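Colleague: If you read the protein sequences in the order shown, they are chains B and V.
Position 105 (the first sequence) corresponds to 105 in the working numbering; numbering is contiguous.
So the working numbering is basically just the index in the second sequence, starting at one, shifted up by 1000.
I should point out that these hints are in silico values taken from the structure, not numbers from a laboratory.
Take these hints with a grain of salt, some might be off.
Which bits of chain B does chain V cover? Going by a derived footprint, with three or more residues having C-beta under 8 Å, they are [to be verified]:
id, stretch
1, 7-16
2, 20-31
3, 84-98
These numbers were taken from a predicted model, which means no experiment stands behind them.
Note that beta-carbon positions come from the ideal geometry of N, C-alpha and C, so glycine has one too.
Read off the chains here:
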Amino acid sequence: MRVRLRFTKLGKVRWTSHRDVARMWERALRRTSLPVALTGGFTPRPKVSFGLALPTGHESVAEYLDVELATAALDVDSLPARLSPALPRGLDVTGAAVIDDRTPSLQEAVSSCTWELEAVGAPQDEVTDLVRRALAAGSIIITRERKGMVVTDDVRPAIVSAVVAGPPSCIVEGFVDHQPGALVVAELATHPRSLRPAELLAALHPGLREGHVRRTNQWIVCDGARREPLPRVATDAPHAEARAS
Amino acid sequence: MPSLWARIEPLLADVQKPARYIGCEDGAREPEHGPGRVAWLLMYPDTYEIGLPNQGLQILYELLNERADAVAERAYAPWLDMEAKLRERQVPLFSLETHRAARDFDVLAFNISAELVYTNILNCIDLAGLPVRAAERTGADPLVIAGGHCTFNPEPLADFVDAFVIGDGEEVIGELTDALRGWRERPRHEVLCQLAGIPGVYVPSLYDVVYDGPALVAVAPRDAGVPAVVEKRTIADLAAWPYPSQQLVPLTEVVHDRLNVEVFRGCTRGCRFCQAGMITRPVRERPAEQVRHMVASGLEHTGYDEVSLTSLSTADFSGIESLVGDLCSADIAVALPSLRVDAFTVGIASEIQKVRRTGLTFAPEGGTWRMRRVINKLITEEDLFGAIESAFSQGWRRVKLYFLIGLPTETDEDVLGIAELAKRCAQIGRGHVRGATVAVSVGGFVPKPQTPFQWAAQDSVATLRHKIGLLQDALRGVRGVQLRWHDPRATLAEGIASRGDRRLGAVIEDVWRAGGTFQEWSEQFDLDRWAAAMERNGLSIEWYVNRERPRDEVLPWAHISAGLHADFLWQDWQDALAEDVVEDCRWTPCYDCGACTGFGIEHVVASATPPAGGSQGTGQPLPVAVTLGPVRSSLGAARP
Chain B
1 MRVRLRFTKL GKVRWTSHRD VARMWERALR RTSLPVALTG GFTPRPKVSF
51 GLALPTGHES VAEYLDVELA TAALDVDSLP ARLSPALPRG LDVTGAAVID
101 DRTPSLQEAV SSCTWELEAV GAPQDEVTDL VRRALAAGSI IITRERKGMV
151 VTDDVRPAIV SAVVAGPPSC IVEGFVDHQP GALVVAELAT HPRSLRPAEL
201 LAALHPGLRE GHVRRTNQWI VCDGARREPL PRVATDAPHA EARAS
Chain V
1001 MPSLWARIEP LLADVQKPAR YIGCEDGARE PEHGPGRVAW LLMYPDTYEI
1051 GLPNQGLQIL YELLNERADA VAERAYAPWL DMEAKLRERQ VPLFSLETHR
1101 AARDFDVLAF NISAELVYTN ILNCIDLAGL PVRAAERTGA DPLVIAGGHC
1151 TFNPEPLADF VDAFVIGDGE EVIGELTDAL RGWRERPRHE VLCQLAGIPG
1201 VYVPSLYDVV YDGPALVAVA PRDAGVPAVV EKRTIADLAA WPYPSQQLVP
1251 LTEVVHDRLN VEVFRGCTRG CRFCQAGMIT RPVRERPAEQ VRHMVASGLE
1301 HTGYDEVSLT SLSTADFSGI ESLVGDLCSA DIAVALPSLR VDAFTVGIAS
1351 EIQKVRRTGL TFAPEGGTWR MRRVINKLIT EEDLFGAIES AFSQGWRRVK
1401 LYFLIGLPTE TDEDVLGIAE LAKRCAQIGR GHVRGATVAV SVGGFVPKPQ
1451 TPFQWAAQDS VATLRHKIGL LQDALRGVRG VQLRWHDPRA TLAEGIASRG
1501 DRRLGAVIED VWRAGGTFQE WSEQFDLDRW AAAMERNGLS IEWYVNRERP
1551 RDEVLPWAHI SAGLHADFLW QDWQDALAED VVEDCRWTPC YDCGACTGFG
1601 IEHVVASATP PAGGSQGTGQ PLPVAVTLGP VRSSLGAARP
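Could you build the full structure based on these sequences and the hints that come with them?
Modeller: Right under this line is the structure:
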């Protein structure tokens, strides 16, 4: 059976890489003795597939992975409580559900993500103005690096929405060193061209620096409707935020 | 005591591998500091990924945190980018668990496993906000204590370290903690005198050093009650110390990223170049049952799928075959570092590496039988070729061979012997696998204190280059052989620090002040800094490194004892020059090197017979026959 899990990446652990998180999951799955299906061949690996990589240093309450289990009899609702203690502090499983074998992979299916990001380097009203102008623009051309190549792109289509939600949130106290800034909430596309939070800021104004960033949602568009890879239901573990702080 | 995290975190977005600085490992403790608790900051003076796996520090970390009167946290040397940011923002060196300033601890305790990290120790002390020189530190400053293999010649670091701990740390760490309770209320000098009274503890500031021109005359205690010779500490029984029991599992990649279980400590193969084998005697095996238990519980709590059975020569563990047989399963990989060179060992390796057959490494060390008799590494060509034959016939495609060049009495012929062996091995390989590869790694020999070669002359950079050139010429265009070598300039710097005396302190400080940190990293290493510092301080590299030392010379480490009798070491040196060999005393009668007799301890070895298949130094005649009880050697005269 195929299981989709949602988990957080909060607190100090956000300074680990996507690859590091993959290894943490491999160890956690072994520690909990879940019957994970293995790939064939000379070096069998657990059949686990991760969604979009989260840049090192960013937090998230919306990470996902799909695990293939070599069993049909398993209480999926018990997985968050089983797995969270086997993961480092800050990684908490907040949702689990069985998914169909034909469900497209996370990498294919997710088309946009919502981010909370601190823009540091300008007062809130200036950032508000920069966001308004960006949304009004027909195109925003930036030069950026992609796979070692310098490319010039119009990133305006990748900005689904953006709004200044207030002053810097101080998600972690003391993080911004009392610099001027604003909390931006933005939905950025991952297909066909992706836009990273840092690139959004560069597109708004070269003088803005990225402060604290948190991914709050990943979105799948299906038959015209937008939904998350797992519905937010009662299996969400309420202790997750508290444990990570 | 405030956490520095809020000042550290803003730096992390702009440094490489920020996970080096967050802690959060599985198995890490978050100890509560308090007035009645001696706070230890355990430090490894290299990067996180090199330092975290260090088993010695992990053992002490657990032992200290188990005590009601101690807390222990960890720190590693910040990489250059982080160091620059710490200095720019004036953030001091910090602990990983509670991100507390290093100088809020009672003790900064360093593990020192290699000479080229010496400058990093000074850098860490400086980043902690302490004067690097012990004499300039005052009552308010933490104590700087160091342990590890390099402390068997502590003199080059004597100006910077308050107290050295010689030998096994398991027992003495508790005695130090007892002595340090409430230490800040007593004068610093009184505390240091008290520490000097603990067996195995060397407080260099309580000793006078007397020179006559370049020659060292004596390192002698100034006061009564301070020992003239500091004897190493040795735990009698590894079974009493089943640590680490909660191995730290890092969140990011490190070296040796697997479960590590120490199966024995000490080695009596008697390789004359090997400092570890000389200073860790006798052999103390962990009971097989305890090993099984530590492996099972370790895998369960870490989630690792690989375990390494660590020691200086794991194939020598009594009953290694049945142990490995028990541990092997479909989803657990077993690694044996330090393989012996013979077909039996390859048999074990092939048993455990059924799935992931990556590479096999053997260390014949010397290119000719003559050379190997000099160094007492008694691998015959039959052993080596047998091992190579079975490795390639059992599916390995690549075998690594380690050699030393610059060994005492070495001739060009001995060096070319390395090329000959490599060619033969590649040839054997091609008989079994297409594209069989033999990777030859050549390191320059650095004579080490407390070994029979402590009097030997180290080869100059030019001589080592000549020898590498011989190998390059001999192996140019040879199919299936790859040659790699260690930079002879780094070998020279290691040599300067290895057998230096207290005058080297000024050199180490100069190299550090000139920016020479992370000297183990080739991109950071620069011999010119060392050469300039030696010259500035009026010291001769030739005198310290390239000169053979006479028997009557006072060696800088003469007041530190690994238990080995000076006349044993000298005799073994003479035997080496005469190409005479010595057997492994685990299985043959004691020749009284001093390591057991001096301390009233003995080998703890479950089996009275050597393992099958290994002729090397076991005292067995060739071809190998396994018999009960000690066997006389056909290789050389038994020692009276």
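Colleague: Please write out, lowest number first, the hints stated earlier that are contradicted by the structure.
Modeller: Of the numbered hints given earlier, the structure breaks none, since each of them holds.
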